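Chains A and B supply the protein sequences, listed in that same order. Residue 664 is where the first sequence starts when you use this note's numbering, and the numbers rise one by one after that. Residue 8 is where the second sequence starts when you use this note's numbering, and the numbers rise one by one after that.
No lab work stands behind these hints: they were computed from the structure. Nothing here was measured: the structure is a model prediction, and the numbers come from that model. Some hints here could point you the wrong way.
In silico DSSO-like pairs for lysine-lysine, Cα to Cα no more than 27 Å straight-line [claimed, not checked]:
1) K670/A <-> K28/B
2) K39/B <-> K757/A
3) K160/B <-> K676/A
4) K118/B <-> K704/A
5) K108/B <-> K714/A
6) K682/A <-> K39/B
7) K28/B <-> K786/A
Computed beta-carbon distance windows for the label pairs [claimed, not checked]:
8) I13/B <-> L741/A: 45 to 53 Å
9) F164/B <-> G668/A: 50 to 58 Å
10) L139/B <-> F745/A: 52 to 60 Å
11) E751/A <-> L51/B: 42 to 50 Å
Covered stretches of chain A (in silico footprint by chain B; criterion: 3 or more residues with CB under 8 Å from a CB of chain B, positions within the stretch not fixed) [stated by the list, open to error]:
12) 688-697
13) 711-725
Every residue, glycine too, gets a C-beta built ideally from N, C-alpha and C.
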Amino acid sequence: MNSDGFKYQYFVKIFANSKFLTESSVSKSIEQCAQVVLTSKTFSNYNECYKNLSHLICDFTSTESQVSGNNLVVVTKLNPQFGGKNDESESWEKTTVMRMYVADAALIKSTRQLVCCASGEIKIDASSLAFDQLYQ
Amino acid sequence: MIADKIIPSFYIIEITGDAIKTVIPQDYGIHKISLGSHDFRSDLHANEKVDKAINFLVENTGGLEKYKTLVDINPEFLPSQTEIVKDSDSDEDDMSEMVDKLSSQLINENKVAIAITKSFDVLGDFVVSRKLLSSESSKIEARVIANVDEYVKIKSFDQYQKTLSLSQSPIINKSKVEIH
Numbered sequence: 664m665n666s667d668g669f670k671y672q673y674f675v676k677i678f679a680n681s682k683f684l685t686e687s688s689v690s691k692s693i694e695q696c697a698q699v700v701l702t703s704k705t706f707s708n709y710n711e712c713y714k715n716l717s718h719l720i721c722d723f724t725s726t727e728s729q730v731s732g733n734n735l736v737v738v739t740k741l742n743p744q745f746g747g748k749n750d751e752s753e754s755w756e757k758t759t760v761m762r763m764y765v766a767d768a769a770l771i772k773s774t775r776q777l778v779c780c781a782s783g784e785i786k787i788d789a790s791s792l793a794f795d796q797l798y799q
Numbered sequence: 008m009i010a011d012k013i014i015p016s017f018y019i020i021e022i023t024g025d026a027i028k029t030v031i032p033q034d035y036g037i038h039k040i041s042l043g044s045h046d047f048r049s050d051l052h053a054n055e056k057v058d059k060a061i062n063f064l065v066e067n068t069g070g071l072e073k074y075k076t077l078v079d080i081n082p083e084f085l086p087s088q089t090e091i092v093k094d095s096d097s098d099e100d101d102m103s104e105m106v107d108k109l110s111s112q113l114i115n116e117n118k119v120a121i122a123i124t125k126s127f128d129v130l131g132d133f134v135v136s137r138k139l140l141s142s143e144s145s146k147i148e149a150r151v152i153a154n155v156d157e158y159v160k161i162k163s164f165d166q167y168q169k170t171l172s173l174s175q176s177p178i179i180n181k182s183k184v185e186i187h
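All chains, full assembly: derive it from the sequences and hints.
Structure follows, in structure tokens:
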């Protein structure tokens with residue numbers, strides 16, 4: 664997916680159950696925040712987009728793990744259209760390439776559900792797709 | 008009337024440029040940060056927290072003197088604090104007439120119509136106020152927004168009362184107001 668002519672953007676959501684929104688220095692000034700959405704700039708290279716997203720998610724996970732004392736893990740899923748495993752619990756738009764979830768390992772094991780405190784995804788910028796590529 | 012009601016409200020703050028580093032100091036190629044709050048008891052409580060957040064963002068990016076500030080207040084919520092400038096009285100009257108007419112047709116089914124105009128803000132009529140702070144390197148846009156369900160409930164109840172008084176219909180069970 665490197666230099667393929669497409670443009671990419673990542674989006675990250677940080678949810679209210681994260682320590683970032685309840686115990687960080689930012690949360691003391693931006694009070695009662697329920698959700699944060701980060702929108703990246705547009706990358707003309709998938710690897711660059713992925714590198715930035717994974718750095719962000721890894722740094723976030725490591726800080727959250729330290730503060731919460733929980734064993735947080737990053738779960739990555741790739742759109743089956745791009746070679747990922749078919750998973751009925753996950754629906755995919757054509758423009759979404761992959762998703763990352765930051766979740767508590769113990770909770771995944773006990774509930775068999777992906778309860779996450781943050782998630783991220785990489786999307787192909789629709790403006791860089793030809794009309795027939797979007798709808799084929 | 009919306010202005011004399013206390014409606015739970017929340018805020019949305021959008022940050023672009025250097026002010027992003029105040030929330031996420033490291034460089035991950037972030038273009039925009041959007042922050043959305045829980046509901047507060049009223050728009051005044053939400054506004055207080057918005058001011059605190061803006062103060063934090065501004066103080067960490069060179070101070071208020073570097074920013075140009077624009078504040079808009081939706082006249083529907085705070086008529087006494089805003090200069091009401093009506094571009095087209097006739098458009099507003101036409102809309103009101105249409106809503107009254109449609110509501111009078113629906114009232115026997117316990118339904119009323121309300122108008123969604125987006126005339127104050129692109130997000131919707133439920134935006135109470137908007138603050139835009141811009142400097143050469145940063146932009147902070149904050150909105151205080153009334154709880155949408157509560158807003159629609161109050162608007163539809165007001166329209167119901169108005170339609171009833173206009174139509175002189177027999178009294179209908181007020182608990183069954185539906186929205187169209």
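Hint by hint, work out which the structure violates, then give me just those numbers in ascending order. Violated hints: 3, 4, 5, 10; rest satisfied.
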